[in-house]
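So the chains spell out like this:
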Amino acid sequence: MAGALNGIRILDLSNVVSGPMAVQILADQGADVIKIEQPKSGDVSRSFGESRGGMTSIFAVLNRNKRSIVLDFKNEKAKNIFYQLVADADVVVQNFRPGAMDRMGLGYEVLKQHQPDIIFVSISGYGDDGPYAERRAYDAMVQSATGYADLQAKANNGVPDLVKNIVCDKVSALTASQAITAALLARERGAGGQEVKLSMMDASLSFLWPDGMWNNTLLGEGIRKMTPILSFLQPTKTADGYVTCAALSDEEWRAVCEGIGQPKLATNPKYLTLSDRLDNWCSMMGELADACGELTTAEMCARMEAADAPFAKVTAIEDLHEDPQIQQQNSLVEIDHPSGGPMRMPRPVAQFEKTPSAIRRPSPMLGEHTNNVLSEMGLSDTQIAELRDTGVIE
Amino acid sequence: MAGALEGVHIIDLSNVVSGPMAVQMLADQGADVIKVEQPKTGDISRMSGQERGGITAMFAVLNRNKRSIALNLSEAEGREILFDLVRDADVIVQNYRPGTMDRMGIGYAVLCKINPDLIFASISGFGDDGPYANRRVYDPVIQGVTGFAACQAAPHGGEPELIRNIVCDKATALTAAQAITAALFARERGASGQYIEIAMVDSGLAFLWPDGMWNHTLTGEGIRPMPALSEAYRITRTTDGYVTYFCVSDSEWQGMCRAIEKPELGTDPRFVTILDRIGRLAEIGEILDEAVSQWSTNDICARLDAEEVPYARVNALDEVHNDPQIRHRGSITEVVHSKAGTMRMPKPPARFGETPSEIRFEAPTLGQHTDEILLELGRSSDQIGNYHATGVVD
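Residue numbers (the working numbering), protein chains in the order written: chain W, 157 to 550; chain X, 469 to 862.
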């Protein structure tokens with residue numbers, strides 16, 4: 157059975173994470189992806205992170221199921237090759253700084269002359285205009301501007317901190333992959349091609365808002381306030397490690413009290429209803445910490461499990477692949493990359509009954525498929541050799 | 469112009485965040501969504517968070533553009549009404565614990581007989597089976613299991629910490645929204661309806677992996693090492709606030725050195741190449757923190773801006789909507805809810821050229837559209853009166 161996006165061709169001009177990760181999700185679902193990279197260095201993510209055999213781990217995860225060709229857009233011939241690719245493509249994805257594609261002669265207005273049905277997707281840091289539009293945007297910058305860093309402030313001293321993974325880049329990737337799929341669906345139903353733009357800033361605001369900004373949503377007077385979310389999201393120390401625990405419903409709260417061996421807490425009027433617990437969350441977490449501190453993580457987990465309380469052990473990152481549930485679900489796969497060697501990565505997330513996603517090919521070396529793609533386009537070996545000699549391709 | 473998902477009918481049986489947020493994205497894109505809630509209490513997020521006039525902030529953000537019917541699915545007549553809804557639907561989304569829908573007699577096996585083209589999206593914490601499958605799950609539980617909490621620890625043996633927003637719930641929501649859209653696309657091209665399983669544990673792993681696990685992707689020997697992202701991620705105190713910066717390339721590094729009036733550092737042999745700097749992240753961090761802390765936030769931001777160093781001011785939560793770029797882009801909108809009053813929320817982040825997303829109507833009160841939807845299903849006023857009297861609907 158083919159993947160859900162089988163038959164779709166995507167040209168991926170994007171770099172680093174936001175674009176490549178968006179496209180990787182679509183590639184996993186069966187889209188035919190040609191990644192177009194610049195000569196010599198290629199995608200920036202080829203040069204940072206742990207590596208072996210010239211393959212970095214981050215590139216290997218985000219560019220599986222893609223073919224790589226190298227085109228030097230400083231050369232007009234490379235642009236012509238690109239226009240020819242566009243004529244047969246469904247989607248173009250790019251995350252250069254605003255205006256860069258237009259300046260290279262590769263903007264939407266030009267490309268739709270070659271393919272009126274093209275879906276042209278631009279991912280930027282801060283949007284096309286405005287005071288920050290030209291700024292270099294890395295994840296940490298967007299986290300700081302959009303509230304992630306403030307929300308991550310240490311509970312005890314209020315000093316802001318960053319989320320220590322590139323959450324804004326990745327949120328933008330997921331948002332973009334959905335938007336691209338929605339545009340494909342609309343086109344299938346008659347909407348034609350179109351330009352889709354999103355900024356990391358907007359995607360990050362939308363992601364943070366529901367819970368992160370729940371005390372900054374309602375404006376004006378007469379508002380019932382709410383405990384800040386940071387007091388909900390704290391791990392609890394055990395005698396030898398950490399667990400996390402959360403209880404919203406009365407039933408879950410009773411289960412937690414039983415799990416920590418304090419059944420009487422369940423009838424304490426301070427914590428009786430959800431709104432009591434929300435009002436007294438900090439002292440409730442304190443009770444929890446007191447009870448957990450005496451027990452080992454294994455003991456805590458066994459008790460919580462028996463009581464059917466929402467809890468988990470905090471797993472160290474080097475132990476993730478040994479977690480019994482992760483193993484049982486086959487959530488992680490091990491592949492042997494021809495250059496990078498053995499590696500471990502998550503499988504495609506959504507499990508489709510009829511249109512399964514799959515890891516069909518490993519992430520390419522730079523320009524690995526230049527010849528292959530150009531041959532498919534009908535260029536002869538001599539023509540390809542000439543393009544290579546003149547530095548148009550690599 | 470209509471949204472990209474105009475004409476798609478979705479039944480949303482889900483609660484809290486993972487399901488409702490997935491569906492909200494599709495609703496913003498024009499899907500017609502009927503939210504089926506249990507009588508009396510409804511979605512649990514109706515009770516959590518800042519509230520006014522019976523509407524919580526989080527519910528208002530995640531359930532805009534949906535209609536609500538309060539339906540008692542433990543009554544046979546309630547299930548009949550659901551079956552009637554399913555006959556006309558394209559998608560059903562649920563996030564009960566595994567097996568719950570089957571036990572209620574409304575599982576996929578039953579519903580796909582009623583409508584073979586139905587896309588049935590099932591979101592769970594840990595997947596349908598395995599040792600944790602029946603555990604109760606909230607976001608901190610998944611953050612604990614999938615490495616988010618471990619990654620958030622300070623470098624070199626710090627204590628684990630949680631990300632203070634419900635990142636795993638929301639990453640699952642984005643993943644599910646894309647998967648549902650992909651299944652709709654595949655169906656448009658001839659695939660039938662299908663079952664899609666999305667586990668939070670898998671969504672969390674896939675989201676964290678590219679960067680969070682970049683030192684745990686390659687297995688075996690011969691690996692060129694790399695510091696964890698947490699070693700490079702820092703917030704720096706100014707005389708009156710906080711900034712963050714991230715200089716990767718040589719030109720960014722030299723710009724940074726000029727900005728802090730230490731141009732000699734830019735040619736210091738200890739820090740010449742990216743690899744030199746990566747090897748001395750802690751040392752560089754201390755030097756830069758010391759220098760940056762001499763300036764006010766405004767002053768250092770102006771200096772970093774002039775030198776094109778990637779930087780950002782750290783906005784407090786109540787400053788985010790006032791950020792000049794966010795204002796300029798109109799990323800955040802103020803809406804007036806008829807019950808809850810004025811509120812602020814982000815606009816749909818992906819901006820489609822031809823099929824615009826929009827906030828069309830406000831989040832419903834519990835059962836606000838029960839009668840309207842029953843009339844659409846052809847029920848008479850008498851029947852509807854009876855349903856109310858016998859507690860089938862609310």
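Be aware that one or more of the hints could be misleading.
Straight-line C-alpha distance at most 30 Å; calculated DSS-like pairs for lysine-lysine [as the list claims (entries may be wrong)]:
{"no.": "1", "chain 1": "W", "residue 1": "K381", "chain 2": "W", "residue 2": "K310"}
{"no.": "2", "chain 1": "X", "residue 1": "K581", "chain 2": "W", "residue 2": "K381"}
{"no.": "3", "chain 1": "X", "residue 1": "K508", "chain 2": "W", "residue 2": "K426"}
Treat the hints as calculated values from the structure; they're not laboratory data.
Here is what the structure says about each hint:
1. Taking the CA atoms of K381/W and K310/W, the gap is about 21 Å. The hint holds against a cut of 30 Å.
2. Restraint check for K581/X and K381/W: the C-alpha separation of about 46 Å exceeds 30 Å, so the hint is violated.
3. Taken as a hint, the K508/X and K426/W pair is honoured in the structure, with Cα atoms around 24 Å apart against an allowance of 30 Å.
Hint 2 from the list above is the single one not met by this structure.
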